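Student: Each chain is listed here by its residues.
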Amino acid sequence: MGTHRTIVRGPAIPLAIALAVLLGACASRETVVLLPKADGSTGAIGASRDGGAEVVLDSPYAQARTGLGGGLRHGTSNADAVHKRFGAALAAAPPAPKGYTLYFLVGGDEFSPESSAAVTQLLEDMGKRPEPEVSVIGHTDGTGNAADNDVLSLQRAERVKQMLVERGVPADRIDVAGRGWREPLVEAAPGVDEPRNRRVEVSVR
Amino acid sequence: MRIPGFRFLPAVLAMALAMLVAAAASAAGPGFGMVKTSTGDVRIERNGKVLPAPVGTRVEASDVVRTGKDGAAGISFVDQSRLSLGPNSVLAIDRFEFDPTTHAGAFDSTLRKGTLSAISGKLAHASPKAMTVRTRSTILAVRGTEFVVSVR
Chain A
6 MGTHRTIVRG PAIPLAIALA VLLGACASRE TVVLLPKADG STGAIGASRD GGAEVVLDSP
66 YAQARTGLGG GLRHGTSNAD AVHKRFGAAL AAAPPAPKGY TLYFLVGGDE FSPESSAAVT
126 QLLEDMGKRP EPEVSVIGHT DGTGNAADND VLSLQRAERV KQMLVERGVP ADRIDVAGRG
186 WREPLVEAAP GVDEPRNRRV EVSVR
Chain B
1332 MRIPGFRFLP AVLAMALAML VAAAASAAGP GFGMVKTSTG DVRIERNGKV LPAPVGTRVE
1392 ASDVVRTGKD GAAGISFVDQ SRLSLGPNSV LAIDRFEFDP TTHAGAFDST LRKGTLSAIS
1452 GKLAHASPKA MTVRTRSTIL AVRGTEFVVS VR
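Chains as they are written, first to last, in our numbering: chain A, 6 to 210; chain B, 1332 to 1483.
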């Protein structure tokens, strides 16, 4: 019996080492899980490994994992499994940004009454966030040419930045941009003077 | 009498204008991201130095964010995307470019180890190729979504 064992042990040692090396090489196990969004919808992710074919994840909890071979294994995870492994990362997510739409009174530098109320809410919101920052983005209606609208929308955003600074928001926490007519709030044909599109969107993060 | 330098004035003005345009295009600037949540051991490696990363720390291109065994951190970006890390994680910010007027740009990061939760923003919304997250062997193209990734 003893002799028999020795014979077996001989080849078993190099085999064990080979297995350990193989496991070591695959110790980097990678997993990606697509989550449903807060609004209930789901986007998509394309996952590809080492230039291989792409695996598309586009349903809630769809999962791709690296396997022992070269490819990706497609599967499905669930809320419990995600919470167990990713709970700490998910809990560390910064608060969701929140947007406020502001309108000026016609021909002036004053906010409309609704917008003045929105500014008050915005400032309260900032007070509740850790190290808050704001993006101030100006928009125009569809009249005029694109280059002029870019300039005009940026001017609108700069004016709102100034107003926020006057209300105590540090200037280095505000980024401004003009989107021109690229992102109308309501659909309107080019050239149409749609007042709801002449606005400034402020988002707090 | 002519002042020789004035001959170059148009060129100088053109150059100044070009620089202004370039500055506007990268309006996101160096402060494109900020640490908004930070618990336990959280550090940023920048230019060979290791800095503590409490809430309020600005995140720059080429930063590597590391969390210890009790650490977790969340970062908000100017395009409204958000990334957060669980414990024992290493995330490299490889590239962040964002034009707030056109929404063109690129956001590439690499999870070297640990756990990452991601919520995409305006870059991924504008182009399905703009945001990628890499791991050691896999590249993820993000098409407007929320997801989690782990490397162990």
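Be careful, since some hints might not be right.
[To be verified] Stretch by stretch, here's where chain A covers chain B in the computed footprint (C-beta under 8 Å, at least three residues): (1) 1376-1383; (2) 1413-1423; (3) 1464-1472; (4) 1477-1483.
Calculated from the structure, these hints are not laboratory results.
In this text the structure is predicted, and so the values were computed from the model without any measurement.
From the three backbone atoms N, C-alpha and C, an ideal C-beta is built for every residue, glycine too.
Student: Which numbered hints are broken by the structure, listed smallest first?
Tutor: 1
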